[in-house]
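Protein chains in written order, with the numbering used here: chain F, 77 to 541; chain S, 77 to 541.
Don't take each hint at face value.
Since the list gives no way to pick one copy over another, a pair counts as held whenever it fits inside one copy or between any two copies.
PhoX-like mimics (lysine-lysine), calculated; alpha carbons at most 25 Å apart, straight line [said to hold, decoys possible]:
{"id": "1", "residue 1": "Lys311", "residue 2": "Lys180"}
{"id": "2", "residue 1": "Lys116", "residue 2": "Lys338"}
{"id": "3", "residue 1": "Lys530", "residue 2": "Lys468"}
{"id": "4", "residue 1": "Lys116", "residue 2": "Lys345"}
{"id": "5", "residue 1": "Lys459", "residue 2": "Lys480"}
{"id": "6", "residue 1": "Lys338", "residue 2": "Lys412"}
{"id": "7", "residue 1": "Lys116", "residue 2": "Lys311"}
{"id": "8", "residue 1": "Lys517", "residue 2": "Lys412"}
{"id": "9", "residue 1": "Lys433", "residue 2": "Lys517"}
{"id": "10", "residue 1": "Lys311", "residue 2": "Lys517"}
{"id": "11", "residue 1": "Lys459", "residue 2": "Lys338"}
{"id": "12", "residue 1": "Lys433", "residue 2": "Lys454"}
Hints in this document: simulated from the structure, not taken from any laboratory.
This structure is a prediction, so every number in the text was calculated from the model and none was measured.
There are 2 protein chains.
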Amino acid sequence: MEENTEPEMKKQPSFGWVTEDNMALLTDLYELTMAASYLKSRRNELSTFELFVRHLPPNRSFLVSAGLEQIILFLERMRFTEDSIGYLRSLGLFEEDFFDYLRKFRFSGTVYAIPEGEVYFPGEPVIVVTAPRIEAQIVETFLLNTFNYESLVASKAARVVIAAEGRGVIDFSPRRDHGTDAAMKAARSSFIAGCVGTSNVLAGKEFGIPVYGTMAHSYVMSFETELEAFREFVKAFPDNSVLLIDTYDVIEGARNAITVAKEMERSGKRLKGVRIDSGDLAELSRRVRKMLDDSGLSYVMIMASGDLNEYRIRELVLNGIEANFFGVGTEMGTSKDAPALGGVYKLVEDNLGPRMKFSEGKVTLPGRKSLFRLVNSKGKFEKDLIAAEGEKPGSGDWYPIMVKVMEDGNVVYDFPSLAKIRERCAESVGRLPDELKEIEKVHGYKVEISSGLKRNMERLGYRFG
Amino acid sequence: MEENTEPEMKKQPSFGWVTEDNMALLTDLYELTMAASYLKSRRNELSTFELFVRHLPPNRSFLVSAGLEQIILFLERMRFTEDSIGYLRSLGLFEEDFFDYLRKFRFSGTVYAIPEGEVYFPGEPVIVVTAPRIEAQIVETFLLNTFNYESLVASKAARVVIAAEGRGVIDFSPRRDHGTDAAMKAARSSFIAGCVGTSNVLAGKEFGIPVYGTMAHSYVMSFETELEAFREFVKAFPDNSVLLIDTYDVIEGARNAITVAKEMERSGKRLKGVRIDSGDLAELSRRVRKMLDDSGLSYVMIMASGDLNEYRIRELVLNGIEANFFGVGTEMGTSKDAPALGGVYKLVEDNLGPRMKFSEGKVTLPGRKSLFRLVNSKGKFEKDLIAAEGEKPGSGDWYPIMVKVMEDGNVVYDFPSLAKIRERCAESVGRLPDELKEIEKVHGYKVEISSGLKRNMERLGYRFG
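Taking the hints into account, I'd like the entire structure generated from these sequences.
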């Protein structure tokens, strides 16, 4: 309720709002009011905040970390420019001392995190920020905004990729993603999770992700006949044509595609594929596959699309779909069955020692911690251990999951390429217990709390039931 | 399946990807391949594409238009820079002629649209683009990305505002929105729909929306006692403090807030409010209200928050909650119960005349059209009429809903301020039939197809059942 005094609404429309210069203001106002109060009260002691997810979203047995790269860049580069400070001044809330502080603001903290592409589970510290209290607090909103969406999509896309059983999955989501930044992050996160590419050209440019595309129904409708449309398209793309065959009738469309493919062969070219976007995809794809094979066109690939998700794909695979690729849009880019990840960012330690919340269903684990994962003799993940800082797990093939990414405000992390992150995800998902990869049913995974951490909790007054 | 030949993954991390310079590439690859083919085939005739929503999302009886301003700015300013063209060249898909075309690309079309803030219904043309085919086609992805999200949130937020029955609703969504652009658009769209403000500081700066904020639990936990935390906060914000009273115990928290409010009164200051973020909000708010009133603090406002949506708010209002404000985050910013709006963009007319799709459940209405709304004697919306271009509705208080926003590539629209758009939305929602504003039940609204439009459809071979 600390509104500014009803400012004149801007009349000049603006565009492309979030830039490196102003991203520090992409924050909830309360981060700034708390910061100002900490400054005034001289409560800027070293504190540790932890980003973690309390509960799995519905239908999920595991989560995939994503977004860390953007978070580190934010921490490294966030600044309060004079323009930003000018706006804050206009609110009439803050004192000049606070603006002096903001003007010199540089994040000087140390950050540990689970690398991108690694699977993780509720309760586990994903990003741990230790910094003077103001710095640690003020970055909360941006960290959550970034992590919650990127990890949400990576976690969803991992399921879609599992369901596709080796067939290529392509991100077709830009038109339904929540804005432009989401379209970029959806492409990136779904690629991390194993998608083979995206339809999003800018994501291709910025991330080097392979870009894929076919044609729209409006293209086919823009010509007198489907056959003419196909002929004109392959004239423009003799090496890269995927023909959309369901504008009028899939079987007739397949016949037209075969006609064109045969014409292409005469000039030494090959039709790359056909796409089916509606109808009974399993049945139609089998008929089209047979028609293509019977015409000596076994090299022509089939892409299936149209409101797909991991459940539909699983069903199509069980029903023997003949598809080399699935195009997946809305359901993946919005994580439609679970469109929000409830990542939170909580104080766990400060000058008063380890801190914890006791509220029912909202318990936080106190103090700085380590996270370990046990690999069993079959090479699969057996269980995880959340331990107090410095505590070591017992015997067995445990490995630490978190890495130091920033130290005293400096990046000390060698950013892996997106290809490497994607490999890490494939390996991490590959080592999950098989039941966690079931599409239709949710399974639990054991995350233990170490004896040292339990002692710390009891010391703070927590009673284990 | 037109991927580039597996490029080297970029190693240098990037950030803040979408800018005015490269936004033209925020598009599905197929828009560009179709464009290249149209260019090669000389099929660049004047065409009309229509953006519309086929079906209401679950739990919605009406939709609110939003996003038009960003769309017009995109159409006016989109360019293909040498940098963008350089990337496209690297894909090995296109010919130099196409790059010459892109280099000179300026959108030269004419656009009609339903103004932002106005309610609309499935099947109705929301944005109608008439332009040379390549131009009309190539903008599809960006238009859909922008409109689908902004209208999604405006439509959701309108319901939340209705449920709040006059209490202020504040956007608290940045930490759960799908990326940074979504956080900005959520603030803008929910403000259009009647929210009183946002926690998002950058949205305050860029749009002039009032910003609101309180404090986090971590703030209270950062002091030895809750009382000390409250005292320190009001020291920093003597005129604008809202104290979060549920970190430990709401009633004890209310007592501490009253202590501090009384101390403030001694120096002529007033505590602005308290916030309750958990527990039985209706019951707790009534107890806190009484405690405040009994202490002569009837001016202290109460804000309620915590996983709120229109259903919860409706229930809380029915249960007599004593709240002046609701803070609503995740559910509104992700439109959680219906996280995607299925807006589509279809060819309706070109040099071959009016065009229509017949596919089951995917019929498009052919040709350029007009849209009218009938206001009844009580000042309420009675029904809408989709008519063929130039056709007039019969007698009654019909008014046209669409306005011309661009002509031959020039903006001919006086952008209303956000305050004006918000007023328009309040009036438009106010004129809805009452049953459409029910929270728990979905009701239909009559959208008629004119006799002229029906004749056009029959002429194209459509048979009305």
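Are there hints from earlier that the structure breaks, and if so, what are their numbers? 6, 9, 10, 11, 12
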